[in-house]
Amino acid sequence: MKHKKMLIILSALMILTLVLSACAPSPNNAPADGNQTGDVVEPDADVGEEPAPSGEETTIKVMSFFAYDNPEVEAGVVEAFEAAYPNIKVELEMVPFSDIFTKYKTLVAGGEAPDVISLNFENTAQIAALGALEPLDDYIASDGYDMSVYYDNTVEMYQMDGVQFAMPATFSDVVLFINKALFDEAGLEYPTLDWGWDDLVSAGEALTQDTDGDGVVDTFGYALAWWPMYLFLNGADVLTDDGSACALETPAAIEGLQKMVDLQGEGGIAPSRGDLAAQSDWDMFMAGKLAMYPVGPWGVQPFNDNITSFEWDIAHHPAGAQHATFLFGNAYAMSASSNNKAAAWEFLKFATGPAGSQIRQEGKYEISPVKEVAESEFLSSLAGAPPENAIVFMEAVDYAKNPPKSPYWSEISDAVWPELELALIGNISVEEALANACISVNSILEQ
Amino acid sequence: MDKALHQRLPAKSKRKNNYRWKESIWGYIFILPNFLLMLVFTLIPVIFAFGVSMTDWSLLSAPTFVGLDNYVRIFQDPVAKITIKNTLVFTAMSVPLRIVLPLLLAVALNQKIRGLPFYRTCYYLPVISASVAVSMVFLWILDTNFGLLNRFLVIFGLDPVGWLTDPDVALLSIVLVTVWRGLGFNMIIFLAALQDVPEDLYAVADIDGANAIQKFFHLTIPLISPAIFFLIITGIIDSFQSFDLVYNMTNGGPARSTLLLGYYIWRQAFDYLRMGYGAALAYLLFFAILLITILQWSVRKRWVFGEQ
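In order, the protein sequences belong to chains R and X.
Taking the numbering used here, the leading residue of the first sequence gets 55, the next gets one more, and so forth.
Taking the numbering used here, the leading residue of the second sequence gets 1193, the next gets one more, and so forth.
Okay, chain R solo, but in the shape it has when bound:
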């Protein structure tokens, strides 16, 4: 009887897995050799944790979304790795960012996880909390691997409760993109590291103008960044330090988000939601109708390609109670279920270390977290075109913060943002919005 029950549960599970994996979109770029189906991960159990004996060939599977639109970039990293480690073969599968985490979770559930998986910061905590990732501290320690080649914050952002779950492969941080022409016209100095909130507001007011006198603002001084920015600037955070409760009802949090709401709308310096519905802040900046725009390095290339009528640069985002900005990033991690951890670790080191990072940086994919690569290759790749002050991207890493490392972060941000949307429209007050948000956030955290 018990057996039968187990059998039923098991078959139901298998069916579910089958259905789920059928739902997962098939990769539209199958590996060139075409043997992507039916391949079983190295069944050789005794390879285990031991480094693969030299001469014995082993294969690891790597699933990645890095530079998906330029697949030769990550293929180049793999090629260089295989050249350096001739006895480790890499099966690289490129999956678009929009699908990779669903696909990975499905594969983990089906016991078919790749040995190495690419992650972005936002998904790391959730996937680590599910137990899918191998803690890396022992590998780092036993190898004596030097983590100081990376910017500290880019390493720290993949630690959950002090445990390193991934190795940083790229980072990006938000800085203030400025339209120099609009500053020149208004006779203003460009923003410096010393700028505080009042400087932002007064410059923003001078730059927000109705140039054709029809009663509608034509150029805006500033555009709002993602909401947690204004918590960080005011020394607040979304969750309490231990991540166990909502911290949005603290005075600092309310004040910070009130400042955000006050920046836009009637008499503000930033476009309201209605204005943005008519033209996005991204398009406004490119059209020369936005003076200060907080955005990450992903803006550099498109702005260089599209902006011809004015000079632009980047600067530090003005401080609130403190300097702050966002730190985002991508990383490589190892599946806890990998049968080939020694080889996977070699790949992690190589692909995120100076050699692999250099190739990715030459492919212009975000910014390398390896200091020497970022400060040489990244900066030199930008030479001759804006932003002149590209070093700000590196300087800002020091004070950059990442969104909370909660496994429930996507749920939390989905709970908070709709309330803030209502506050931004003016339907409810900021206090009310945050009180509502905290009810949801705490109920998420209690589960």
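These are calculated hints, taken from the structure and not from any lab test.
Please note that a few of the clues may not be correct.
Stated by the list, open to error - Partner residues are not named here, just some residues of chain X that face chain R (Cβ under 7 Å, in silico): (1) ASN1440; (2) ASN1443; (3) PRO1446.
As the list claims (entries may be wrong) - Output of the computed footprint for chain R on chain X, the stretches with three or more beta carbons under 8 Å from beta carbons of chain R: (4) 1352 to 1360; (5) 1411 to 1424.
Where a beta carbon is used, it is the ideal one built from N, C-alpha and C, also for glycine.
Following the hints, put chain X in place on chain R, whose structure we already have.
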């Protein structure tokens, strides 16, 4: 002789049984593929989901039994309340439109007009179009800045509307796209029903001096009421389960204004990996649909033709 007969009788009836069994086994064999498919893809998952709804399960780690916690949580979850409210509003707006508009259309296309097959095909096209394609087209049409609809409004001197960006309007936009998509299917059902209405009844009504409107309300409507009944039931079920347009067009935003139960279930289960809570919400939806359908079924005698 007697004995022989005695022996023969059961043998004969046995053969007869055998024959009937042989005949019916073919029936079973014929329904087996469908039955297996339904078992594997419907019945087992439905039963399985009920088990899942009693657990805390992330898909990736082993489920833990939590009893009715997930059901209790529905009542404590403020977002679930918003979701249920949105779903009810959505249903109340879309179901009447999905009955009235196709009915008018069917009556119009039941006349003898030129190019009838062309019109019928046109109205049916959205039904066979992929929902992603429909969503993409409407994302363009309803875009606040570049959308066809707003461009049109501006020509007539009206203010552009945030069809998918204004929390007061977005749900209505989803309703309109839903109605447009389902127009053809409901129209075909109504057309079939209309063509079943005997012509001579209209002739009799003409003799009695009934005008077109009287004929429509006192003759046509009652006679096609089984079709209306069918479409109300399936329409409510359909709108309770609405998912794809929201998934493709708004992700439940802005400010949760288009967060429907079907989408919220998906988000809980496959985005947040709360399979247990997602399954509990799905069961809530199941019972809501069951209840409403039973309710409709029980009052059908009062108005559906042929059920009295």
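Original post:
Quick one, is the X/ASN1443 hint okay against chain R at 7 Å, beta carbons?
Top reply: violated (9 Å)
**OP:** Would you check whether X/ASN1440 satisfies its interface hint, that is, whether its CB is within less than 7 Å of any CB in chain R?
**Re:** violated (13 Å)
Subject >> Hint status (Cβ of X/PRO1446 to nearest Cβ of chain R, threshold 7 Å) >> reply: At about 6 Å, which falls below the 7 Å cut-off, the nearest Cβ of chain R leaves the hint on X/PRO1446 intact, so it holds.
Original post:
Counting residues of the stretch 1352 to 1360 of chain X whose CB is closer than 8 Å to a CB in chain R, do you get three or more?
Top reply: holds (count 5)
**OP:** Report holds or violated for chain R covering the stretch 1411 to 1424 of chain X, Cβ cut-off 8 Å, minimum 3 residues.
**Re:** With 0 residues in contact (Cβ-Cβ under 8 Å with chain R), the coverage given for the stretch 1411 to 1424 of chain X is violated.
The earlier numbered hints that this structure contradicts are 1, 2 and 5.
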